[in-house]
Every structure is written in structure tokens, then in C-alpha cells.
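Asks: Build out the structure end to end from the sequences listed, making use of the hints.
Keeping their order, the protein sequence lines are chains A and B.
For what it's worth, my numbering labels the leading residue of the first sequence as -3, then goes sequentially.
For what it's worth, my numbering labels the leading residue of the second sequence as -14, then goes sequentially.
Each statement offered as a hint is correct.
The calculated lysine-lysine pairs, modelled on DSBU-like cross-linking and capped at a C-alpha distance of 30 Å, are:
1) Lys261/A / Lys190/A
2) Lys167/A / Lys6/B
3) Lys59/B / Lys167/A
4) Lys190/A / Lys59/B
5) Lys6/B / Lys190/A
6) Lys167/A / Lys190/A
7) Lys6/B / Lys59/B
8) Lys180/A / Lys261/A
9) Lys180/A / Lys190/A
With the Cβ distance kept under 8 Å, some of the chain A side facing chain B (calculated, not the full set):
10) Cys18
11) Gly98
12) Phe266
13) Arg267
14) Asp272
15) Thr275
16) Ile331
Not close to chain B: a few residues of chain A, all C-beta gaps over 12 Å, as computed:
17) Leu(-1)
18) Leu52
19) Asp53
20) Thr118
21) Leu207
22) Asp238
23) Ile242
What the hints contain is simulated information worked out from the structure, not anything from laboratory work.
Glycine included, every Cβ here is placed at the ideal spot set by N, Cα and C.
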Amino acid sequence: MLLTGLGLGIALGFAMQRGRFCVTGAFRDLWVTGNTRWITAFLIVIAVQSVGVFTLDAVGVISLSSSAFPWLATVLGAFLFGFAIVLAGGCATGTYYRAGEGLVGSWLALIFYALFSAISKTGVLATGVSGLRSVTVEAATVHGLFGVSPWLLIAVLASAVGLLVRHHLRKRPGARLATLPPRKRGIAHLLFEKQWGAFTTALVIAALAILAWPLSWATGREAGLGITGPSSNIVNYLVSGDAEVIDWGVYLVIGILTGAFIAAKGSGEFRIRIPDAITTVRSIAGGALMGIGASLAGGCTIGNAMVNTASFELQGWVAFGFMILGTGAATRLFITGPSKARSARNAAAAGSPSQATAPGPSAARASVRR
Amino acid sequence: MAVHVLETDGQVCPFPIVEAKEAIALLDLGDELVINFDCTQATDALPRWAAEEGYPVTNFDRVGDAAWTITVQKA
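Replies: Written as C-alpha cells, this is what we have:
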């Protein structure tokens, strides 16, 4: 039964790699460009999944339960996690699937994320983390707080997401979107080449996120998709040899890595890529802070912002908000900030008398590497 | 018409698109910007950015495993 986790993980990793589904990118776009296309895709996953989750709960396949909301740790942890994913260049799942594409920076982020998750959940930081998480308020869910049916919230969310989707489908650019020239045919083209739409990818991921609930439940792990707990479990298994910690979630995350590798390799998008010094340091720091942040907040962008939101837990929605704020802070510091310095450099380079004229593809500007 | 080359290999997203925006701002109308990149997400982000800005894409291709090039004309 645990193997269903591996299968689902492979499908998820495959879909994320081919669909270019990046939660960090979705949050970051809000601050860098103000673009809401990917955050809309992310909200589609939440809305569709919430319909599935509450249906499964209603028919008795799963039974949702909730506990008091650890508001302080959620606020602090989510902000920290949102900040860290910009440094690491990907959230937890993003880091898993980019590791499968051969990015060594993501390997480092992943190792430090798993290590610091274990340190925060069961290691030297565990006392502090559980201390902060013991600061709670009695309310647990959004529908509980307002005393309404969850179906009302689902209807509101679905309507809002529907409007966003309509907005994006209407403003499709007039110019044809450039695509890569096809080199494969038939099923190989469909699986390993054809570009997926953001919203199609979201629907595939939503279906997998719903399916995760009953499959995980059947093995005794009473939850939906989750990344941080399983990553911590892998570290605990490796250092203690205790096979008891290997659960459905461990198979899931190994599946994500495998599925992303299959997708990347099959489409010629796998290559071992070594980061430069700054990216290396940022990946390590980002990974470590992600582990602490997700453990404090009770989940990452998937477990909290995509899954606990679908079950309308306060922790999920508050974490979602503070992750976006954390992403904004890091974006200001590391992306829009340093780019000002780069702009100055670019202007100096472009101003130098090296303007090439057509038709030769001469470089008018020295290559700029960060 | 001049052709300018922006090398972003080794840079993770969103730096390829951030740099492309800065670079194209400095070009004259009709100039082309060749952007070489190896961040997978940019295969989605760069052509979409070009389409939304109304910049014609005169070339978009793979140059190897996980390596791409796109040429955007300032219009």
C-alpha cells in the first residue's frame, strides 16, 4: 500500500516538471511583475481540492479533524519559509523536482531542508519549536470560526477563482506565443515535449492532491500531500535505521524526485548544473531556513498553503498569507534590490562603443553573470 | 538593427527574465536581444513575456540538454 505513495509521487513530480509548476515563482511574480497567472493556477488547485476533500469527508472515506491553531509559530514560520524559498530558488516540492532536473543548488537546498526539518521536529530545536507551537487559539478552521458550512466557503472560493481564471483566459496576448519547434511525435510529443498550460497543470495537480487523501489514509497516515514531515522522516531513518518512520509520505517525496527526473530526462531537460558561489550559499541557507520555517508553521507551501487551505484550516490560510509576505521581503532584498546595481552595470556596458550592426550576431554587451 | 546577446546560463529564475527586461530597455527599436538560458521555467516565462509586451520572437530553440535560446525583437 505504501507503494501508492511512490506512484502518486512519480505522477506529481512528472506533472510539476512538465507543467513548470513552481509555487515560489507564483508567489514571487506577485512582487516582481504583479503577474497573477501562476497564483491563479495555485488557487485552482486549492479550490478543486477542497471540493474533493469535503466530498471524501462527507461520504466517510476520510474524516477531517482539526486541533487548536498555533498562531504564533504559524506566523513566524510561514514568513521565514516564504523568505527562504526565494533564497533556495524553490519551495519544498520545487526543490525536489529541480533536484530531479540536475540542479546541484537544489540538491544542496534539499539536503539542508531535510536536515533542518529533522533538527526542528525531533532534534535540538524541537523543544523550541513545540514551545512556540503550544501558543494557540481555540479556533481551528475558517468555517468553525465563522460558524458557517464549509460548502459556503468552497462556493465563495470557487467563484473568486472562476473570476480570476476568466480574467486570465480573456487577456490572452494577441501575439502568438512562441513555442519550441517539435522534434518528437505521437505519445512522446505529448508526454515529453508539448507545453502544458498553467491551468491544465493545476487541474492535474488538484486531481493528484485529492487522490493523495484516500491513498495516504489507507496506510494509516491521516493526511493529504505533505513534504516536510516525510523529508524529516528520511533523515531520521538514515541516522537511526528505524524503518518505522518510513511512511506513505516518504514514498511520495521519493516519487516526486523520480517523476521529475523521468520527465526531465525524457524531454532533454536533465543536465547536472553547478551553481556559482552566491547561489550555492543561498541554496544552503535557504534550505536550512525552509526546514525551520516549515516545521514552525506546520507545513510548507504544499502541506499548509495548498492542502490545509483546501480543508479550510486557519493554519493553512494564515501560513499562505505570511509565506507570500516573506517571499515579498526576500524579493525586495535579493531580486529587485541587487538588480538596481545590475542595471547600472548594464547601462555602463550598453553605453560602451560596442554597438554591433546587423547582420552579424555580435555581442554588443559582455555577458553578465551574477 | 543591432543584435545583442544576453547570457544567463547558470542563473535560476527569475533572473533570466529580470535581466532580459533590463537589457531590452536599453535597446533601440528594431534591435534584437538573444537570450541564452538554462532555467526550465523560463521556457514558459520568456515567450509569454515577449507576447505580452508585443515583442516578436524571431527564434526560439534548444541548444542542448536543458539549454535554450530565444531571440526577442524590440518593437
